[in-house]
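**Student:** Chains as they are written, first to last, in our numbering: chain A, 129 to 502; chain B, 129 to 502; chain C, 129 to 502; chain D, 129 to 502.
Everything labelled a hint here was simulated from the structure, so no lab data went into it. Be careful, since some hints might not be right.
Computed cross-link-like contacts, SDA-like style, restricted to lysine to any residue with a CA-CA straight-line distance of at most 25 Å [stated by the list, open to error]:
(1) C/272 - B/423
(2) B/176 - D/272
(3) B/347 - B/467
(4) D/484 - C/475
(5) C/484 - D/405
(6) D/176 - B/495
(7) D/176 - B/131
(8) A/176 - C/151
(9) B/273 - A/298
(10) D/273 - D/495
(11) D/272 - D/494
(12) A/484 - A/130
(13) A/176 - C/491
(14) C/176 - C/162
(15) B/176 - D/164
(16) B/272 - D/447
(17) D/273 - D/164
(18) A/347 - B/417
(19) A/273 - A/162
(20) A/273 - A/181
(21) C/484 - C/298
(22) D/176 - B/130
(23) C/176 - A/422
(24) A/272 - D/304
(25) A/347 - A/403
(26) A/273 - B/423
(27) A/273 - D/419
(28) A/176 - C/162
(29) C/347 - C/372
(30) C/272 - C/347
(31) A/273 - A/444
(32) A/273 - A/392
Far from chain B, by Cβ distances over 10 Å, these chain C residues were calculated [what the hints assert, rightly or not]:
(33) 199
(34) 251
(35) 274
(36) 309
(37) 355
(38) 425
All residues carry an ideal CB built from backbone N, CA and C; glycine is no exception.
There are 4 protein chains.
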Amino acid sequence: AGPLGVAVLGYSFMGKAHSNAWRNVNAFHPSPQVAQKVLVGRDAGHVKEAAQQYGWEESLTDWRQVLDRDDIHIVDICTPGHLHAEIAIAALDAGKHVIVEKPLANTLAEAELMVAAAQRAQARGVQSMVGFNYRRVPALALAKKLISEGRLGEVRQVRVSYLQDWLADADAPMTWRLRQQTAGSGALGDLASHAADQVRYLCGSPIESLTGTVNTFVKTRTGPDGPEEVTVDDAAWATLHLASGAVASLEVSRFATGRKNSLEIEIYGSAGSLSFNLERLNELQFFDATEHAATQGFRTIPVTEPEHPYLEAWWPAGHILGWDSTFTNQAADFLTAIRTGTAPSPSFEDGLEVQKVLAAIETSAAQSGAAVVL
Amino acid sequence: AGPLGVAVLGYSFMGKAHSNAWRNVNAFHPSPQVAQKVLVGRDAGHVKEAAQQYGWEESLTDWRQVLDRDDIHIVDICTPGHLHAEIAIAALDAGKHVIVEKPLANTLAEAELMVAAAQRAQARGVQSMVGFNYRRVPALALAKKLISEGRLGEVRQVRVSYLQDWLADADAPMTWRLRQQTAGSGALGDLASHAADQVRYLCGSPIESLTGTVNTFVKTRTGPDGPEEVTVDDAAWATLHLASGAVASLEVSRFATGRKNSLEIEIYGSAGSLSFNLERLNELQFFDATEHAATQGFRTIPVTEPEHPYLEAWWPAGHILGWDSTFTNQAADFLTAIRTGTAPSPSFEDGLEVQKVLAAIETSAAQSGAAVVL
Amino acid sequence: AGPLGVAVLGYSFMGKAHSNAWRNVNAFHPSPQVAQKVLVGRDAGHVKEAAQQYGWEESLTDWRQVLDRDDIHIVDICTPGHLHAEIAIAALDAGKHVIVEKPLANTLAEAELMVAAAQRAQARGVQSMVGFNYRRVPALALAKKLISEGRLGEVRQVRVSYLQDWLADADAPMTWRLRQQTAGSGALGDLASHAADQVRYLCGSPIESLTGTVNTFVKTRTGPDGPEEVTVDDAAWATLHLASGAVASLEVSRFATGRKNSLEIEIYGSAGSLSFNLERLNELQFFDATEHAATQGFRTIPVTEPEHPYLEAWWPAGHILGWDSTFTNQAADFLTAIRTGTAPSPSFEDGLEVQKVLAAIETSAAQSGAAVVL
Amino acid sequence: AGPLGVAVLGYSFMGKAHSNAWRNVNAFHPSPQVAQKVLVGRDAGHVKEAAQQYGWEESLTDWRQVLDRDDIHIVDICTPGHLHAEIAIAALDAGKHVIVEKPLANTLAEAELMVAAAQRAQARGVQSMVGFNYRRVPALALAKKLISEGRLGEVRQVRVSYLQDWLADADAPMTWRLRQQTAGSGALGDLASHAADQVRYLCGSPIESLTGTVNTFVKTRTGPDGPEEVTVDDAAWATLHLASGAVASLEVSRFATGRKNSLEIEIYGSAGSLSFNLERLNELQFFDATEHAATQGFRTIPVTEPEHPYLEAWWPAGHILGWDSTFTNQAADFLTAIRTGTAPSPSFEDGLEVQKVLAAIETSAAQSGAAVVL
């Protein structure tokens, strides 16, 4: 069998990041061979230029065209969220393996249809995956491993925050990202989706109920036609109760001046703790409470050694990886799942569960914080 | 006029810390002279020993005795919380200046009576103060100064957590601190009181409403008569709305394995941000968003220079202070307030406001997180 | 004109890193187009496999073949050091632009011949460069910029160390890297070359004299034929006097247990200071002594913003780069130099100057530390 | 027996710090009782004021007077270095236990006389000690313990630096500290003495030979009579060879802009490593190379727990100590040594050994760095 042909839909930030992953995956990982077949975008000139820059054989402007082609085996969807459902369902029904960027969809209804399509496809050996790429940060994969091995004992308390600051300037202009109609939500869909996925992933326990709060700090911004109301959240807070009995706090914001990409995760268990920050994604902090009291302390593990997840594929010990490597690792895992016929993780069901959490936060917030059962 | 005579009530942890402050305040600060007159405690033998160890002239077992003495000008109350109201009110009515350890009282009703007594006393030039000593951490005094000077612009988002781990061991025995009857509450009164005071202090804006959650992770512990129910919270969470429009998240726990005394405060404003951790109390992190973009970053200010609050009294530049120095600074400020006839800060009113926040968190938690207006 | 054809010589660690740079440079940087023509290695089977994995059109086993080909414009030499001189000189004389991995050569004599060849070639518009890739770490490029702009005032004191630990295990076996005959030197050529280049680069002032010490901690290791003497240094120390009056300390080691890739640089000037560590290569610490004393402190600049060197080519703000990005940036700069006909930096002369420093350290060490004038 | 009467000689920085120790030692440590008898200084008015401020019963202007008094058992010498020898020898001969602030003396000859006096006194049960107070930093006492227990295996490489910045301003005026006649040396005696003592203390192995460099960055400063030559070193560097085979680098400076009191110590062994910085003196970093490779990392031990050296005397877990606590711990250890008749450590011999190291650095520097055997 020849290489697996790939089409990426979208060529802006995420399209660039996914293209990078496909261009490099075979240089690092011993996964099936891929061919960078097609980059799809609406503007013919721009997408052609991007295709050349990012290493694609050709470019197209209509995503439907790739569904008919025998040389395309994987469809990777990096379009805005409101297009996810239609494309993903069509691609799966056409027998293409599908990756969808997070969040899975803009509405619960769409997400449920996508899950149904994924289940139909899975029955035919067609795989699907939602792109929570931070599951492929080696340090977080190591965190998952340590928790699974019981190094933390019983997990009780989780603190997750995702803080950025690109809206802190009150004079920044109106954009489609700040309109509910186009963006669905604000920090919630963009940042809390990653945060909620990590809580589910790392704790391995469903979120049963939560209380939530949302806030818009700057309520009006200047649009093309003058002052315009911001209709999405700038920040959100929630307290999550997990089936395991653990409690997690979640906080996301685009107003945290000085925080550029600070996804911070702290997990406290009866036997140990972990701490992580995406701004130093090559490090994991681990506290082992089973050690002698005189030498206990949070240790900073440089997750750059051959003993760590994904690292053998990369460089010798001590050479740090960039943020983009998470997509390369993700592509490798997806390819391996296709080859072995195993359902990839995180699945569309995982994406749906995250959507439910986001929706529950909005519902709770609309009810003055009263708890919502999922 | 001779020195101001001081009596401290209580000789365990807080009694030791306050004794240390009175023993040292005149060696560092140019405040009125004090005389360490009396240490009061219930056990005659133990308090005598403690008095000798901590530098007191004599010891007594009945706090009422100090109220009649002309050589006692200051009564410093370090007893358990349920005794605060009776002693403080009697002492103020007897014309003694009073410091009360935090939290002000175990109930709102008591706190209100104390405030009334303090107001009566203030009219007669008798001063009172509640011992939120962390207002006297030089780094936090510097934080307050920077915020007041407008270096953060408009404060929007605050994150405060106070994490310890001394209950993380599920086999730790039952104590009076884990019974609601004796302790009032758990992490809430002990840790959230400091946290809430800092939010009020640093932001300079009242807390108007909040949603809250509390949790008890280990519900039964072994007491003297076998298994016993834990009737206080192990951890608590709240989202606070301030009059200014700022939103603060608050999280406290005694189950955060590896965190020993981690009072962490982050304040995000439109023009800058601050970050602080009590485990490194000689440092303040400051991000100045008005600098050139290429050189922006959180700077770690070593708050050990003569230009910093309180530091001139201590050592030359670069020599860090211990946790105990906060009580010495507090004593100095209290003495200066007495000398100048100025109302000290934080007042009993401040203590009452914090109690209201704690009570509201419990009320909200009992209502599944529904918002409570203060 | 079509793309510039590239041949890389060598396919192990550095060959992989350089291949990665050529495969990705056009996807990020607006530099001339390249074509990954040939990967050269001695083992036909291995190099063929590597060529396929790293994206090369073909593989060859004899480097001389690439010199005759019109479709090869750039020869990138990643072979062991003792082959550098012969290949580089031949390639330059054949009109190929040449990059040589550091250190430039194993001996001063070879380095001098290479400089002569580079000067001949430069006169014909043929460019050459030595691969001190850490000059292309964005944080170090920013450091250079801040120093050049005078933000540090007069640079007085420099501390540079490069610490690794892969030889700390005394039972690790003998390798060619521990034989003077094959490796030339130990930590000196491998690590001190980078360190010395950074001192020269950042300070912009020649090293005039130095005192040096070298040490071999584990003097015998087990080779294929039993115990064998280690004939290179495990660690080295030097104090460097610069023409500017600045003094730099240099320390390198492969025995610093726990340090994986710790190139640490501190630069102290009359008006400010900088600090950098390669293990956190996306950050630069900057202390500005011209600020108000109350808010001075080392700030951690996240060098991930569009205002920072090289960053515009990569990802949006806040997304960290990996170690491998330094080679991609280096390739881009080399391509731009070729296009514009500008001499690239660092030149072979720079490489020669670093060799002189390394040789002087060995000479001084052999004279019990007595100063050597360069 | 009643309390041990103490006299402190000197009332500026060190006098204040030592007074603080004597005032507080009995409040924390279960050591013999002390009485703060006399503070001695040359200016009658100033010393009287200081005595009152720091808790002394009386003040005197002539140190000889205290030698005749039966109520003085301990003489604590905080005068400038050139007076150490005369006073210490007289006090020891008068049967007083003696503590001398570091460095022991300004010249080797004086130091040797002091050692002889200490040996004579020791034979009569009279104790002496040199005040390298950093041996009483709990984190460094823990470091010593871990090394002694073999947790680092064989110690190979040590890095010690002591960096301050109070002379970085070239316009700072001339002082007695910058004249060789009065100060003996510059950073060498002031900072390198601590650094060298730590190398000896932690490694437990004599320094056998060294190479050294010194430098004066600002050669002229403005004195009372106009421009004046600076005749001491601003910074110094040395490479030390220990009898054990370990090699230590040492660097001290008063020109390291931004470093306030940065005594930094790194110790690399075959089985583990340690790292410490005085600016965060409540923390010790420990790397354990015997752990599983996937979870190795430098851990930050908060040295604030009852299991740590000295901590039981202070506060509950998690409450950090100030710089001044090191003197209190030192006083406690000295008192215990007096009570038990054990020779205190560090002894005058230790002080002499450090002086020899400083002298050797100057000798080597004068010989262009050629090695000096101790």
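**Student:** Against the earlier hints, flag every one the structure doesn't satisfy and list their numbers going up.
**Tutor:** 2, 3, 4, 5, 6, 10, 11, 12, 13, 17, 19, 20, 21, 23, 24, 25, 26, 29, 30, 35, 38
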